[in-house]
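Under my numbering, the first residue of the sequence shown carries the number 3, and numbering increases by one thereafter.
By construction, these hints were calculated from the structure, which means they are not laboratory data.
Glycine included, C-beta positions come from ideal geometry on N, C-alpha and C.
Watch out, some of these pointers could steer you wrong.
Here are the computed lysine-lysine pairs in the DSSO-like style, where the Cα-Cα straight-line distance is at most 27 Å [to be verified]:
no.: 1; residue 1: 23; residue 2: 35
no.: 2; residue 1: 82; residue 2: 35
no.: 3; residue 1: 23; residue 2: 90
no.: 4; residue 1: 82; residue 2: 23
Restraint-style ranges between C-beta atoms, simulated for each label pair [to be verified]:
no.: 5; residue 1: 86; residue 2: 64; range: 25 to 33 Å
no.: 6; residue 1: 62; residue 2: 85; range: 29 to 37 Å
no.: 7; residue 1: 37; residue 2: 84; range: 26 to 34 Å
no.: 8; residue 1: 19; residue 2: 53; range: 14 to 22 Å
no.: 9; residue 1: 90; residue 2: 127; range: 43 to 51 Å
no.: 10; residue 1: 55; residue 2: 90; range: 49 to 57 Å
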Amino acid sequence: MSYSMLRRSNRPVGKTLDPEKISLIEEAIRDRKYSWACVLMLRYLGLNPLEYIPSRTYCRLRRDNEKMDSLNQATTDSLKQDREDAAKCLRNIKDLDYAKPLDRRSQLVQGGSQEQWFNHKLQKFY
Numbered sequence: 003m004s005y006s007m008l009r010r011s012n013r014p015v016g017k018t019l020d021p022e023k024i025s026l027i028e029e030a031i032r033d034r035k036y037s038w039a040c041v042l043m044l045r046y047l048g049l050n051p052l053e054y055i056p057s058r059t060y061c062r063l064r065r066d067n068e069k070m071d072s073l074n075q076a077t078t079d080s081l082k083q084d085r086e087d088a089a090k091c092l093r094n095i096k097d098l099d100y101a102k103p104l105d106r107r108s109q110l111v112q113g114g115s116q117e118q119w120f121n122h123k124l125q126k127f128y
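Based on the sequences and whatever the hints tell you, model everything.
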C-alpha cells in the first residue's frame with residue numbers, strides 16, 4: 003500500500019476556531035450535510051478544500067450551500083452589530099448619573115390596534 007498521496011502540512015496544528023465558526027459547522031452536521039461541514043472545517047482551518055476533495059464535488063457543494071453560507075454570514079454580521087450596539091448602550095447607561103423626569107405628554111400611552119384608534123377618532127366626532 004502506498005501512502006505517497008498523503009502530505010504533511012507545515013501549518014500549525016494547534017489552530018483554534020471561533021465559536022461562531024464552530025456553530026456553523028455544528029449546524030451543517032445537524033442538517034446532515036457532512037460534506038459541507040468538512041468543507042467549512044477545512045476552510046476555517048486555512049486549508050484549501052480542493053486539495054482534499056474533487057473539484058466537481060467541491061463546486062456542487064458550494065453551489066448547493068452558497069445561499070445557506072451567505073445567509074449565515076449575514077446573520078453572523080447582524081449578531082456582531084447587535085452585540086456592539088448593546089455594549090454601546092450599556093456604556094451610555096453606566097455614564098448616566100441622573101434621571102430626567104418625563105413630561106406629561108410622554109407619559110400617556112401611545113399605540114394600540116387600528117380598531118382602537120378608529121374608535122377613539124369616532125368618539126371625537128360624537
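Results for each hint:
Of the supplied pair hints, the one linking residue 23 and residue 35 holds, its CA atoms being roughly 15 Å apart against a limit of 27 Å. A hinted pair counts as satisfied when its Cα atoms are at most 27 Å apart, and residue 82 with residue 35 qualifies at roughly 26 Å. As the CA atoms of residue 23 and residue 90 are separated by approximately 25 Å, the hinted pair is consistent with the 27 Å bound. Between residue 82 and residue 23 the CA atoms are separated by roughly 13 Å; this keeps the pair inside 27 Å, and the hint holds.
Between residue 86 and residue 64 the CB atoms are about 30 Å apart, so this pair conforms to the stated range of 25 to 33 Å. In this structure the supplied range 29 to 37 Å holds for residue 62 paired with residue 85, their Cβ-Cβ distance being about 35 Å. In this structure, residue 37 and residue 84 meet the distance hint of 26 to 34 Å, their C-beta atoms being roughly 31 Å apart. Hint check: residue 19 to residue 53, Cβ distance near 19 Å, so the stated range 14 to 22 Å holds.
A hinted range of 43 to 51 Å for the beta carbons of residue 90 and residue 127 is consistent with their spacing of about 46 Å. Between residue 55 and residue 90 the CB atoms are about 43 Å apart, so this pair departs from the stated range of 49 to 57 Å.
Of the hints listed earlier, the one the structure fails to meet is number 10.
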